[in-house]
Every structure is written in structure tokens, then in C-alpha cells.
Amino acid sequence: MLPLLGLVAAAAAALVWAVPFAWMVTASLRPGVPADVAALWPAPPLGFGNYLDAWQSGDFPTWYLNTVLVCGGILAVQLVTVTMAGYAFARLRFPGRDVVFVLFLLQLLLVPTLLIAPNLTTIVALGLYDRLPGIMAPYFASAFGAFLMRQAFRAIPRDFEEAAMLDGAGVFALIRHVLVPLARPSLIAFAIVSVTFHWNEFLWPLMAVSSPSRQVLTVGLASFASGSEAGGEWGVLAAGTVLVGGPLLLAFLVFQRRFVSSFVFTGLKG
Amino acid sequence: MPRQRAGTLRIRARPWLLLAPSLVFLLAFTYWPLVQVLEGSFRDQAFGSVASWGIGNYTRLLADPHFGRAAWNNVLYAAGTIVPSVLLALGFALALRETTLFTMAARTLVVLPLLIPLVAAAALFTFVFLPGEGLLDWYLGPFGLRAVNWLGSPSLALGAVCAITVWKNTGSYMLAGVPQELLDAARIDGARAVARFRHVTLPMLGPTFGFVLPIALVNALVQVDQVVTVTQGGPSDSTNLLLYYIYQQAEQNHDAGLAAAATVIGVAALLVLTMASLRTMERGIHYES
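These protein sequence lines are chains R and X, in that order. Residue 270 in the working numbering is what sits at position 262 of the first sequence, and the numbering runs on without skipping anything. Residue 923 in the working numbering is what sits at position 106 of the second sequence, and the numbering runs on without skipping anything.
Some but not every residue of chain X turned toward chain R, in silico, with C-beta under 8 Å: (1) Val854; (2) Ala937; (3) Trp955; (4) Val1035.
Source of the hints: derived by calculation from the structure; they are not laboratory data. Glycine included, every Cβ here is placed at the ideal spot set by N, Cα and C.
Start from the sequences, fold in the hints, and give me the full structure.
Here it is as C-alpha cells:
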């Protein structure tokens, strides 16, 4: 009796959870300014006029390009840094390892977002202000990714490496051709979490660039949203939100199992 | 012989070679900023004069009512986001623990907000909270909750800001924050479920909470996007949060000293609270075994 009651309550709550999404999709498909703009089910007349308006009033092609470049750039560098560090922590013994490990741990708490004020000074000093690499640089090292790869490498039996070593392979060749293919599930899980985090990040990209041509989707959406709210164009606002959040939502619905296992597997960190 | 020495040197250098790329960036964007804010917070920079050392920035910070308000709001924001989302996550996880098509669909709905940016969630919730034609007023108005200006009222705005974060975070705590043994402990039917929950699940909540807490605290400090885009800390400072205050000092007032001192306080609070929660967790585990 009690589990059934819980199930019903949870299902009802889950439906409430979906209300903002139901409104977003509905409102984005209803052109003009209908009186019942709060409707949650798309009733005709429907059309893509709001998407057209959104696309024309924001610079979406630039925002998409910059967001893809930022996410891709961060991920490309991270995959190298976390693989190398993960291997060192998993397989090598060296003096000072525990100290370095704790130093890495620190980044799990002192996330770059918290350190925006000093990091802004740093990227200005490095000449990276108002450039996409300036948005990316604070994330090139990932303690979380290094730990994840450490665990992944530890789960791989040493026999594989010893065989490769006997063939005379160097350590980098060993990592690339033996360990990385075996640790692929962890690398994919890390990639999913990393891209999700950086696609959605707002405050740092807002501070690190000033030129409109270097803005990412979230920063673009913020300026776009305040405009359409002021004009009461809720349908256009909903369409713009779909354009920003849509790609990841779509990827999630298609690869749901992969996403969920990544989130479960990797814990809460981005 | 020299060949062999070169070999051992290479082996000795290997870990550092592998760690170097990470350490360079950690140095530049995690450790150096700490040194930088500590130094900057004790440097009193007056216009046209040489910088001197002192606690001027901290006295100015503590004298600034906006800072006090932001710090206190952040405490409320932490409590008002962590407690509801963890409890809701636990409820969802327990109620939807069986794997059927139905529970999977329900779980998907709760997880979806994880995928969209907080600014997008904020944009959607400006309409949820819009007085008159917005979602809350439109559907709850008939029940007497009419024309409440959720985001515009100083007494309600922080609650509304919390609601956005709770909506966004619950899914992630549901997926990752509730360990399997907790669910297994609760997996029993009939009247015994209540007893099991009281005597098994609840006592285990302490350690679980201690484990989730550090990450949740980081979230409570950094998830301020909706404040930046929607409320701008208002009305009358009621939704000002620590990181938004830092952002304003660094970006708008160009007051590096205040930004540095406020960052030091945020970092210190985070470190102390994390240590405390980890210690509680240790004690909890000890108690269990």
C-alpha cells in the first residue's frame, strides 16, 4: 500500500517537474501572443514563426560555433591531461605522490567558477581576455577527470601492459594503444559530463569575453531573453530557450542510457 | 653505466612528465588564484598613493551592508536548495526504485533539467513566476493564489530563486547521491517498510548527506546564474549572493580589493564546512561499523 502511494505521488511530482518543458515546447510553437500563453498543450494554429523570430533577433550561428569550439577545445585538452595524470596516479610510485594527490583533490572544491575574480586578472595578464582560449584555459586540468581515469586504469589487469612492455613499447605508446582503448567507457562518461557542464556554463564566459562575436549560447540567451521578456514575446523566448537547450536534450533522449550511466558513474561533478 | 643512469633518470622523471600538463594549469588557475586573492585582500590600494598592507579591505567588506546581506542570503540559499533537493531526490529514488517503463519515464522527467543551462531554466521560470498570465498564477489563481509577484517581492524572491535551483538539481542528486545500499535497505514490502525506513534508511542518511554535502556546498556557492540574469540581486538586495557580490565588485565596480577579500571568505567558508562535513561522515561510518 505504502509503495503504491509513493509511486503515485512520485509520478505526480515528476509530471509537475515536466511542466516548464511542456510550456516551453508549446509556447514556442504558438505564433503571436495568445491570451492563454500559459497553455501546456499545443493547440492549433501552430507554426515555426517564433523560431524564425528568435533566429533573426539573436546571432545563433556565432553562438553555436563558439559554444562548440569552447566545449570541443576544453575536452580535447582535458582528454590528454586527465589520461596522463590518471596513469601516473594509477601505476607509478614516486616520492610526493600523496601530496600531489591532495593538491589535485583541492580543485574539486575550489572550482574555477568560484575563482572568477583572480582568474579574470590572470587571463588578462596572459593576453587571453576576450578570446575563446581564455574561456577554456581554467578548465584544461581536471582533477575529477584524473581521478576517474585513475580508477579506470586501476581496473585494468597489469598483464596487458607487461606484454606490451616486453614488445618494447614506450610509456606513451603503451597509454595510447593499450590502456586508452580499454578505458574507453570512462573516457566517454567523462566527455559527456564535461560537455554538458561547459555547454551550460554562463558566468565565466560572460566575464571572460566582451565582444558579441565571441559570445557563447548561454551568454547570448541571457541578453536575448531580457529583450523578449521586456517585449512580452514569450513564444520567442521559449523558442530561443529550445534553440539553446535543445541539442543536449535531444542527445540525452537519443543516448539516454549512456548519459544516465555517465552521471551515475561519475557522481555529481562536472 | 652512463646509459643506465640516463635510464633511471628517465624513469624518475616519468611521473612528473605525465603530471606536468595538469599541474601547469592547476598552478595557473587553482593555486595561483589563491595566493593572488590572499595577497590582494591585504593590499590597500588608494588612488594616487603607494599600496600599503593591512586589513582595510576586510573592514570595508564587513562594513558594507550589501556584503552582509549577500553572505546571509547565501546561507539561506544553501539551506533552501540543498535540503529540499536532497529530500526530494531521496523520495524520487525510493518511490521509483523498481525498473519499469513507467518509473523510467518518471525518472527521465526529473533528470531532464540537468541537461539545460541554469540561465535557460531561469528564462523558463521568469514565465512560471510571471504575475497574471504566468504558469503559477494561471493555474493556481483559481485556488486563491492570485497575482503574486514572486520575483518582485523582497520576501518571496529568494525563495523563487531557490525553487529554480531545486528544480534543476534534484535529478542529479537522485542519480548520484543516493547509494544503492540505501535503496536495497528500503526494498521491502508491506508494513515492515515503515520500520525498515525508520531503523535502517534514516540512520544511514547521515553519512550519505555528509558525502553529498561538499559538492552541494560548492553548488550553493557557484550556482548564481539566475541571480545574474533575472533578479540582479534585487529587489532591494533580497537575492544578492556571495558570488554575485564578487562578480559585481570585480566586473562592475572594479574594486579588486573587495572582490579578493570576499573570495577569501567564500573559499574559507567552503573549506571549513567541507572539513566539518567530512568529519561528520567519518563519525557516521564509524558508528555504522
